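Use these hints to put chains S and F onto chain V, whose structure you have.
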Amino acid sequence: MKNPTLKSENTVLSVENLCVDFEIKGKQVQILSDISFSLERGKTLGIIGESGCGKSMTALALMRMIPSPPGRISAGRVVLKGEDLAQASEKRIRDIRGGEISMIFQEPMTSLNPVFTIGNQIVEAIRRHKDIGKSEAWKEATDLLDIVHIPAPNRRVHEYPHQLSGGMRQRVMIAIALACEPTVLIADEPTTALDVTVQAQIFDLLNEIQKDRGTCIILITHDFGAVAEMADRVLVMYAGHKIEEGTLDEIIDSARHPYTQGLLRSMPEIKVDPGDIRESLAEIPGVVPDLLHLPEGCPFAPRCSFVMAQCQDLPHYMDLGDNRSVKCWLAQEDSRTKEQA
Amino acid sequence: MSEMIDQQDLAAQFGEKPEKPEKPWQATARMFYTNKAAVFGLIGFLIVILLGLFGPIIFGADPFDIAGKPLMEPQDANPLGTDYLGRDILSGVIYGARPTMIIAITATVCATVIGISIGAIAGFYGGKIDNFLMRFTEFFQVLPSLVFAMVIVAVFEPSFLIVVLAIGTTTWTPLARLARAEFLKIKEREFVLAARALGAQNIRLILRVILPNALPPLIIAITLRVGTTIIFEAALSFLGLTDPSIMTWGRMIGLSRDYFFEAWWTVTFPGLAILFTALFIALIGDGLNDAFNPKLRRR
Amino acid sequence: MTNKNLLSVEGLEVHFKLKRPHLFASQPTLYAVDGVSFEIVRGQTLGLVGESGCGKTTSGLSVLRLVEPTGGKIVFDGVDLRSLGADALLDMRKRMQIIFQDPYSSLNPRQTAGDIVKDPLLIQKVGNPKEREERVSELFTLVGLQANQKELFPHQFSGGQRQRICIARALALNPDFIVCDEPVSALDVAIQAQILNLLCKLQEDLNLTFLFISHDLAVVQHICDEIAVMYLGAIVEKTNRKKLFNNPRHPYTRALLSAVPTRRSSKKSNRIRLEGDIPNPVNRPSGCRFHTRCMYSQEQCKFEEPQLVEKQPGHWEACHFETTNL
Numbered sequence: 001m002k003n004p005t006l007k008s009e010n011t012v013l014s015v016e017n018l019c020v021d022f023e024i025k026g027k028q029v030q031i032l033s034d035i036s037f038s039l040e041r042g043k044t045l046g047i048i049g050e051s052g053c054g055k056s057m058t059a060l061a062l063m064r065m066i067p068s069p070p071g072r073i074s075a076g077r078v079v080l081k082g083e084d085l086a087q088a089s090e091k092r093i094r095d096i097r098g099g100e101i102s103m104i105f106q107e108p109m110t111s112l113n114p115v116f117t118i119g120n121q122i123v124e125a126i127r128r129h130k131d132i133g134k135s136e137a138w139k140e141a142t143d144l145l146d147i148v149h150i151p152a153p154n155r156r157v158h159e160y161p162h163q164l165s166g167g168m169r170q171r172v173m174i175a176i177a178l179a180c181e182p183t184v185l186i187a188d189e190p191t192t193a194l195d196v197t198v199q200a201q202i203f204d205l206l207n208e209i210q211k212d213r214g215t216c217i218i219l220i221t222h223d224f225g226a227v228a229e230m231a232d233r234v235l236v237m238y239a240g241h242k243i244e245e246g247t248l249d250e251i252i253d254s255a256r257h258p259y260t261q262g263l264l265r266s267m268p269e270i271k272v273d274p275g276d277i278r279e280s281l282a283e284i285p286g287v288v289p290d291l292l293h294l295p296e297g298c299p300f301a302p303r304c305s306f307v308m309a310q311c312q313d314l315p316h317y318m319d320l321g322d323n324r325s326v327k328c329w330l331a332q333e334d335s336r337t338k339e340q341a
Numbered sequence: 001m002s003e004m005i006d007q008q009d010l011a012a013q014f015g016e017k018p019e020k021p022e023k024p025w026q027a028t029a030r031m032f033y034t035n036k037a038a039v040f041g042l043i044g045f046l047i048v049i050l051l052g053l054f055g056p057i058i059f060g061a062d063p064f065d066i067a068g069k070p071l072m073e074p075q076d077a078n079p080l081g082t083d084y085l086g087r088d089i090l091s092g093v094i095y096g097a098r099p100t101m102i103i104a105i106t107a108t109v110c111a112t113v114i115g116i117s118i119g120a121i122a123g124f125y126g127g128k129i130d131n132f133l134m135r136f137t138e139f140f141q142v143l144p145s146l147v148f149a150m151v152i153v154a155v156f157e158p159s160f161l162i163v164v165l166a167i168g169t170t171t172w173t174p175l176a177r178l179a180r181a182e183f184l185k186i187k188e189r190e191f192v193l194a195a196r197a198l199g200a201q202n203i204r205l206i207l208r209v210i211l212p213n214a215l216p217p218l219i220i221a222i223t224l225r226v227g228t229t230i231i232f233e234a235a236l237s238f239l240g241l242t243d244p245s246i247m248t249w250g251r252m253i254g255l256s257r258d259y260f261f262e263a264w265w266t267v268t269f270p271g272l273a274i275l276f277t278a279l280f281i282a283l284i285g286d287g288l289n290d291a292f293n294p295k296l297r298r299r
Numbered sequence: 001m002t003n004k005n006l007l008s009v010e011g012l013e014v015h016f017k018l019k020r021p022h023l024f025a026s027q028p029t030l031y032a033v034d035g036v037s038f039e040i041v042r043g044q045t046l047g048l049v050g051e052s053g054c055g056k057t058t059s060g061l062s063v064l065r066l067v068e069p070t071g072g073k074i075v076f077d078g079v080d081l082r083s084l085g086a087d088a089l090l091d092m093r094k095r096m097q098i099i100f101q102d103p104y105s106s107l108n109p110r111q112t113a114g115d116i117v118k119d120p121l122l123i124q125k126v127g128n129p130k131e132r133e134e135r136v137s138e139l140f141t142l143v144g145l146q147a148n149q150k151e152l153f154p155h156q157f158s159g160g161q162r163q164r165i166c167i168a169r170a171l172a173l174n175p176d177f178i179v180c181d182e183p184v185s186a187l188d189v190a191i192q193a194q195i196l197n198l199l200c201k202l203q204e205d206l207n208l209t210f211l212f213i214s215h216d217l218a219v220v221q222h223i224c225d226e227i228a229v230m231y232l233g234a235i236v237e238k239t240n241r242k243k244l245f246n247n248p249r250h251p252y253t254r255a256l257l258s259a260v261p262t263r264r265s266s267k268k269s270n271r272i273r274l275e276g277d278i279p280n281p282v283n284r285p286s287g288c289r290f291h292t293r294c295m296y297s298q299e300q301c302k303f304e305e306p307q308l309v310e311k312q313p314g315h316w317e318a319c320h321f322e323t324t325n326l
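Chains as they are written, first to last, in the working numbering: chain V, 1 to 341; chain S, 1 to 299; chain F, 1 to 326.
Don't read these hints as lab results, they were simulated from the structure. Remember, predicted model here, so these are calculated numbers, not experimental data. Check before you lean on any hint, since a few could be wrong.
[To be verified] Chain F stretches covered by chain S per the calculated footprint, using a threshold of three residues with CB under 8 Å from any CB of chain S:
| no. | stretch |
| --- | --- |
| 1 | 7 to 16 |
| 2 | 99 to 105 |
| 3 | 119 to 127 |
Where is the CB? At the ideal position from N, CA and C, for every residue including glycine.
Only chain V is shown next, with the shape it has when bound in the complex:
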């Protein structure tokens, strides 16, 4: 294959050449193009990109929750512990959702049902996948609240979502997601709606859970800071393509794709010793392209400052070894030298 993903014993989930098409106004639009990655036990993969780059769609595709019609998985495999989810039956997929793979969302306000107590909602999640009695499930729900560090869980379990603060609600969402001891936890912008100090608490909690239970986490975000807090590996997306993948340090210290470099430079970062003069930030000119009218070849070419003739053709994934890849012609030279060596 074009993009071989290194598989080890520990691989829990591997996504191979996943493509998702949408039918918009009678046209087939590819909104995810050839996405591949793998996830190891107890590790966190950060998927980063701007809105509309397909990062949330990737998460939905893993759980087969793409709205259909208009969308469908047109190619590729999603292999969870040896089982291809893209081919699994509807019933099997329902068991997987919330069982093997669970998800937390950005808005803890809207993802909780306001007319039920949080206990009710956790118990419902537990009993959907586990065959246990009511009282046992309530006990488990209280334990879960304790695990996500909600103070006085015996009392809180009977409260309604509106009685909790934003940070508390997100903790409840995490408790619900943990109810069935998932193998993979997908966190879609879990802290974007929260304050900085509360955000830090949630990151600590997720890290702690991962350490205790060996859960794999897929963190979807637009914020390099959040990725740096959590992720072991990072996947950068642009216009439905995976444009770069590597370990956290590789991406942050030696990004190879001009888009990743631009994104990193355009974000102001706190310095302990700020200079007296205000420097201007590096900008990526233009806006994210419209997927209906994508340019031929590399989707980033119109905004890229290193654009060259070759960019009229879509670049392949340049394998830089050790599971690091870049989808840019600029990296071709390097990968060639590597091959020779």
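Same frame as chain V, but now just chains S and F:
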């Protein structure tokens, strides 16, 4: 889960743009025209309007003229039969279109002006003003509107103007509530605050900034109101509480109510006229509702 | 005589009276802004940082009298704004403007971009139709929009372009002072840089003074000259940019700084983590408002409210102790 990602969000997310810039009302009109039932309603309604405008000119016969024997069945001379005085039902139905529509529309305009003014002021200013105006609205709401309108018409002479005012002053409350709700919602939006920061006066905020944004649901409600007003007027006419010199459909039914079992045609044809007109308007209202609803747009 | 400070705010208070929970209850009060003082030097930017509910946005709105302050003094270029009548205030509005956080909700969806930018000129009755049209074109160029985009409606623009329209509207009347209320937090990262650079450039070219409200310390560090950190309606620390990041004093500021995610994994250790959530501003804690979450909290903090005092030249802090050495 899948309802989280609806079509429009997707389209917006992918930066989908119409081929050439389209004004909001154009998009609404396009949606409306793709709705068959709505277009049917609109055509039907236009026919009623044209009938009201030109019918009397084309069919010269006066509906008050005696055209034949009383209670004649439909036949060549009187295609829809005659009533108990021998007046032609067809010319009654044709002539009735104009006053029926005029009363329905002016009464609706009257209700709209009262309702939107009160709702807008209550929603915009809030606090004590809102409290007072809403108690006032509730006072009108708890009165049975038909009884109230009957009292007004009975106290004054049943002239055209009084009938319009009687209907207008008793049916504005739902519009006031709707306008208030919309104003309460929209006044919190930041563009209203931005206009205030520029120094815009309250009157400008109400009329130029908030009202245009509150219009879509109001237009739907007003359209549907026209249909119910026709029925309301028919009810008043049926009870004989309207101007006797004007031949409306409701009045025709009211006058012939004693002859229903001997001469079905005397009440059936004006009744069908009311039914269809109200139906056309309801179809238009439904079509507008879909057209204004952005979730259905760009299907 | 022209003052160095364009705006000076003294003891600003915005207290909202809330609905009684039941008939015989005492009326609760929300202390949104509770005695805030600051000055902004002409042509400079003051950053107001804090978490949600700390009163930073209410402070910004009340400085413009978009929310009526319940106490304190706002002096703008020598004029006491709170003493102005409706007409004088209308006139003053030409000189002070605001840019909001959400460019989706701050533009009227029923107006074209051109009309939105023209609105201020119409409201303030500036120029004739032709001059207004020219001014709109000029503003479009200034903020980097195309003249042929005037006929488009807000939903046809991207987030960054919409924020440009908001900026053009705010600049239409040639103001001296602009309140920027989280102007980039609703935008994509790559677009944030474009808008921040635009704001910086406009400030230099037009000699604007900004009150920049944000929860994002990195953005504040980038754009502000002076920074005030707010917590539950009051300023807890105030100094210039260099001192705040080099030598943060207040325990809250330090917690805030250490909560910001960094890209460098080496810094992850040694962090201050705040427990719990921000208290409700209706039942704000007695004494020091931060004592419920502060790791240095003492008995004194529960009863006595610390005042904002100048602990080092140009470095103000509201704390009873010297916590930096602890």
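Quick rundown of the hints versus the structure:
Note: the stretch 7 to 16 of chain F has 0 residues with beta-carbon separation from chain S under 8 Å; the three-residue rule is not met and the coverage is violated. Remark: the stretch 99 to 105 of chain F is confirmed as covered by chain S, as 4 of its residues place a Cβ nearer than 8 Å to a Cβ of that chain, reaching the required three. With a threshold of 8 Å between beta carbons, the proposed coverage of the stretch 119 to 127 of chain F by chain S holds, since 4 of its residues qualify and at least three are required.
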